[in-house]
Structures are given as structure tokens and as C-alpha cells.
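A.B. asks: Keeping their order, the protein sequence lines are chains V and W.
2 is the number that the numbering used here gives to position 2 of the first sequence; each next residue is one higher, with no gaps.
Quick note, the numbering used here runs 1000 ahead of the 1-based positions in the second sequence.
Keep in mind that the hints were calculated from the coordinates and are not lab data.
In this text, all values refer to a predicted model and were calculated from it rather than measured experimentally.
Accuracy of the hints is not assured; some may be wrong.
[To be verified] Simulated crosslink set (EDC-like; lysine to aspartate or glutamate; CA at most 20 Å straight-line):
1. V:Lys497 with V:Asp230
2. W:Lys1011 with V:Asp37
3. W:Lys1043 with V:Glu110
[Said to hold, decoys possible] For the chain V half of the interface with chain W, some residues (derived, Cβ under 7 Å), not all of them:
4. Arg90
5. Leu99
6. Ser100
7. Arg143
8. Val227
9. Ile269
10. Pro270
11. Asp274
12. Ile276
13. His282
14. Ser296
Where is the CB? At the ideal position from N, CA and C, for every residue including glycine.
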Amino acid sequence: MKVRYILPSFEVLRNESKCTACRLCERQCANGVHSFDPKRGAMVADDAKCVNCHRCVCVCPTGALKIAASNDAYRANANWSRDAVDEIYRQAQSGGVLLSSMGNPNTYPEFWNRLLINASQVTNPSIDPLREPMETRLRLGCRNVTIERDRNGRLKDTLPPQLELDVPVMFSAMSYGSVSYNVHAALAKAAERLGIFYNTGEGGLHRDFYKYGKNTIVQVASGRFGVFRDYLDAAAAIEIKMGQGAKPGIGGHLPAAKITADVAETRMIPEGSDAISPAPHHDIYSIEDLRQLVMSLKEATGYRKPVIVKVAAVHNIEAIASGVARSGADVIAIDGFRGGTGAAPTRIRDNVGIPVELALARVDERLREEGIRDNVSIVVGGSIRSSADVLKAVALGADACYIGTAALIALGCHLCRSCHTGICNWGIATQRPDLVKRLDPDEGAERLVNLITAWKHELEEMMGGMGINSIEALRGNRLMLRGIGMTDSELGLLGVKPAGESM
Amino acid sequence: MKIDARGQTAKRLNAAIAASHDKVVEVEGVVGQRYLGTALVDKILKIDGIPGNALGAYLDGAEIELFGNAQEATGDTMNAGEIVIHGNAGDATGYAMRGGKIFVEGDVGYRCGIHMKAYRDAHPAIVIGGRAGSFLGEYQAGGTIVVLGGEDESRTVGYFCGTGMHGGEIWLRAAQPPSTLPPQVRADKVDTLPEHIEELIEQWCEKFEKEPNIYTGSKFLRLTPDTANPYKRLYTAN
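Pulled out of the complex, with its shape left as it was, chain V reads as follows (with noise of 0.2 Å):
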């Protein structure tokens, strides 16, 4: 006798009186959840299959559909919730280590919802962004630089190069391969009308995207698939990955099954072999070796581009902020430990590193406190999810923010955190032929320029009705946030007052 140990978490829901039997949910599972019963004339649905990515629900012509979790319950234990138990009996059964995608789902405190927006009256009055000139543009890269002028007295130009942002919103690094060309093809578009950049990941660059190049910010890990003269001459910019929010202190593992011709040729790999990014740098083992890698990388392209260098928000963030500011990157990327991913380790998913905003906040300062804040820009990401979550955390001291998930989902992602499966019915993250055309790569443009749009007009509201016209007079200034349900030491962590205190 077989017992299930795992029984299915969703129940798909079927309106018998509103299915025609029409079998386009069939048609759109990859699952396979969906399937026509002849016997019954009906379709019938497998629970255990479901994923609860909600395409069929979606495409369901006569809205027949829906998703449940299902009410069938273990005995209910405060302790032990029904992840922890059905993890164990997927261990019992594999031995494997369990493998996860997007972001941590679960419920820790996070702060950017226990911040609070000041607003002007009376005495400053706000703006009226609709009216007057709001400047949400805004340059990335090292200003720390001494004033030289010619022989003639005029300045020279000594400004090392930049990268110049109409809206202080950028879509972080997804590789090809992790995601598919369309999702590429969407964000790069995307990026070059918005005038803002989007992140390769370490999966190279496909040479369909060349022309992008200008938008595009180019990666470099520790696998350093598809690097090469051409790639880095691409760029606008270059990102060193040493730590991702999701999976800080372990590398990447992109497995054979999801590399087809066409993600190999762009990874510049062999076809049919795991692509695996290496924990750490080989290379890097000190600031002075990152410094290597970092002066490497502008030597090959002529000091023409500005190095990012991206680490995970984890507990000494402080003190590698601090070695990344004096390594001649121009900007540093701090990723949170809510940040998406494609594939990681559920253990490290859920349990290594802090929320972004502790970084941020901390970070921010004791660069300040150095006196080399402005060598460096600092980009987070790692779970924005909104306008008022960009604005808090350029008050909190970031020059910009990078965005992942809220990208995909404008895409179409439904959060079922399926992606390591390869299976996608929106076609995001997966290789599928049939799946990957499901994304169209010029609505999906359309809609990633409408949630940019959105925010850039919601940042300026925000930023006119705090009396502030411009991005870069936010930046820093912790004035114009308040706390609220905080401890002291989280509110001191953060450099904010609590709400209802005056100025």
C-alpha cells in the first residue's frame, strides 16, 4: 500500500455550471493539473499538481475557476506549522538538500511598512507636482573627486564616469537562463524607454540585446559566464555579484536541464553541463583583491564605466560597505535578505541575512561617518514593492533602488515560487519554447513602462507634499521619515525618530 505523506497544499475549484469544458486550462498547465474526463464529459483536476501559479484562473473564459488553499489541515500545532512537517517528510524521502525560489516568504518584521512619510502645511508649503518642476533624475557613481582646472583657469573634467536615471528605479540582475529571452527582451526595452538600466545577472548577454547596451548594466560573478571583451564593451555600466539577499555566502547552480543551445551560447558554456557559479571569488579573498578584480575590470574597458559591486545584506554589512567604498568600485548594491532568486537552498532563503532597510541605514551612516560616502552611490533591493517604499528608503540614504520580483510580477508572476522547477506558465522562468512565447516581450515592456511611470508621478506626490522637488534633497534625509511600532534599538539602528515627535 502507498501512503502519501504529502498531501496537495491547493485545491482547484471548479464552477460546474459555468465550465464549458472548453480545455484551454488543460492546454495552459505545464503541470498537467487540468485534464478532460470522457466518461464524465467533464474536466477533472489532480490537487497534488497545482502550483497555485493561477494562469488557468487567468486565461478561464468563463471565469470558472479558482485557487484554495486546501482546508485539509494537520492537527493544529503553534510549533510545528504544516511547512515544517511536510519538509521533513520531502527530506525523509529525498535526502536532499530543499531547494526554493523568490523571495522569503515569511513572517518576519519588516520596517519599510513601520515607516511614516512627513508631509509640509502652513509654514513650507508642499508642491504641486503637477504644476511645478519635480526632479526625480539623478547620477550613480563616485563624486568624491578634487577640482583641477587648466592652465587657462577653466575646470577640468575630472567627474569619473556615471550612470544617469530618470526615476531612481533600476531592474536588478535575472540572468538568462534563469528567466527567459522574452522576460530579457521586456525589461531591456523597458529599460531604454524609461531611461534607466536593467541588470543582465551572470548569464552574459545575448547578442540580440546588444543594441540595449546603453540601458544595460552587465554582471560578472564568480563563474564569470559570458564575460568577455565584447560583453564588458556592451555595458554601460559593470556589476561585480559577490553576495545575493536570497542565498547570502553560497553561489550559483544553473542545472543542465534549464541550459538550452541558446543559454549556453550567451553563458559561453558547453552545452549539457551545470552552470555553477562558485561560492565565493577564487580570485578575491581581501577589499585589496576586490580591488583587483574592480581595477581589472576598468582597465579592460578604457575607465569608461562605472563598477557596482553587489553584495548581500548580512550581519558585519557595515564593515564590507566600508571595504567596498575604498576597492574604486563607484557604487554599491545592497541586496536584502528578502531579495528574489530563481533557485536557492530554502534553509539559506529563509534564515541568512538581514532586511535591507538595517543595512541601508547603517550603511549609510557609517560611510558618512568615515567621510567617504560620496566615493560611492548606494542601490538597494531585496523586496520594493512599491513607490512609497522607494521614497523611504532614499530618506533612509539610498541613491537608487533595484527591483526583481516587483518587475516579473508586473510581468505576469503570480508568487508561486515555482521557478526552480523550470516550469512557468507565464513563461518568466523558464526555457520552454511553448511557455516562453506566453510572455509577449512588447507588452510586457508596455507594462513595466506603466508601473515605472506609475511610481515616478506617486515618488513625485510624495516628495511635492513633503515640500521637496528634487530626488537628490531627499537622499538622506531621515528628517522626513518617523517610526512607528519600533523598538528604541530599531528606531537608533535606523537613525529615525518615533512618530509623534516633532522635528
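Got chain V; can you put chain W on it based on the hints?
C.D. replies: Below, chain W alone, put in the same frame as chain V:
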């Protein structure tokens, strides 16, 4: 063209090399300047002295001949071209190279050939005349590493050779396999060397003016991974 490197920064040296109209550029008196020949495409660079780290990083077709010892990260992420070192090379030589060749007359340090790859027609190769330190060919995904071992065949490589190796091949002039081979790497004794290895050794002999047949009759071991997916069974979907 000849360049005197004394008192010059790497940045100025590289700029001078790039600006040269001659195909062959000789650089003398090099003392610790890093990143020489970075991403160089079509020059022949002859260096006298001891350059700093990352010699020939991202090299893309140029030839570099060094009369002296090399430091760390020589040929990092090299794409094409050739580096010949008349001396020893430091740690992480040929890190992630995916094309071209590196010939070292003497020994190499730790982590040589780590994450080396192959790609389309590009099959990178590193030939080491002396010994290799620990972690040789770690995470190797493609390409060929040959270690000739110098005088002493019994101490060809250090510890943890081929950890995480999932492609390519390592050839060791040795009678016994290294003591710490990972389970997915197999070592086969080979009596007759295949043509492409013979050719690499011949090229090495020619570059360093050795008798072409000094290694004929030596015992060689071929290390290869038995899977391209060493970690497949490690994970379970959650």
C-alpha cells in the same frame, strides 16, 4: 617598439601599448605593474621583469611572452590568445579562461585553471612544466590542463585536485593519482598520449627549448569527471 616600464603606472603602460602602431611591443623593467595586456586583441607583447597580478586578464587574441615570474590571476577570464611564462606563475592562473593557451615553464600556485570552460570551437589549455599547487582544476567545466611535474613525478599536484570538476580533462605526469580526488572524478592510466596532448607538450618543449621527447615513456594519468551534473542529486524541490 620598446617601452621602459620603470616608474610607470600600469594605466600608462597599457595606454602606451594600445597606442603603439607596431605589432610587437617590448616592455622592459616591469616591477609589479598589474593588469598588463588586459583585454588585448592583436599585439605581441614581450615583457621583461615581474609584472603584478592579473597579467593578460580578459585577453582576447594577443600573445604575451613573459621573461620572469608571473604573479596571481594571470589570464583571468581569458577568451583567446596565448601567454607564455618563462618562470613560475602564482595563484588562480587561468581562472575561468574559455579560450587560448597558457604555457608555464615552472610551477603554478593554488587554484590554477579553476572554473575553466570550453565554448564552441574554443578549448582552452594550460600546460605547466613544474608542479601545480592545491585546488588544481576546481569547478573545471571544460578545456585541458597538463601538469608535467618537473623533475619529480611523485609530487605533481597538491591537495583537492578537481573538486567540483564537471567537464574538461586534467593530464598529470604521475604514476599514482592524487590522494584526495573527489568521488565524481576518475583517474585513468594512459600509456599512449592522444594527439592533442602530444601536441600541447611539443609546443611547451619548443617554447622553453627542451628536447621534444623528454617526456616520452613517462606515465600519465587522465582525470575526467564522470558527470556533467555533479550536484543534481543534492537538491529536492520544496
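A.B. asks: Identify every previously stated hint that the structure contradicts and give their numbers, smallest first.
C.D. replies: 1, 2, 3 and 7
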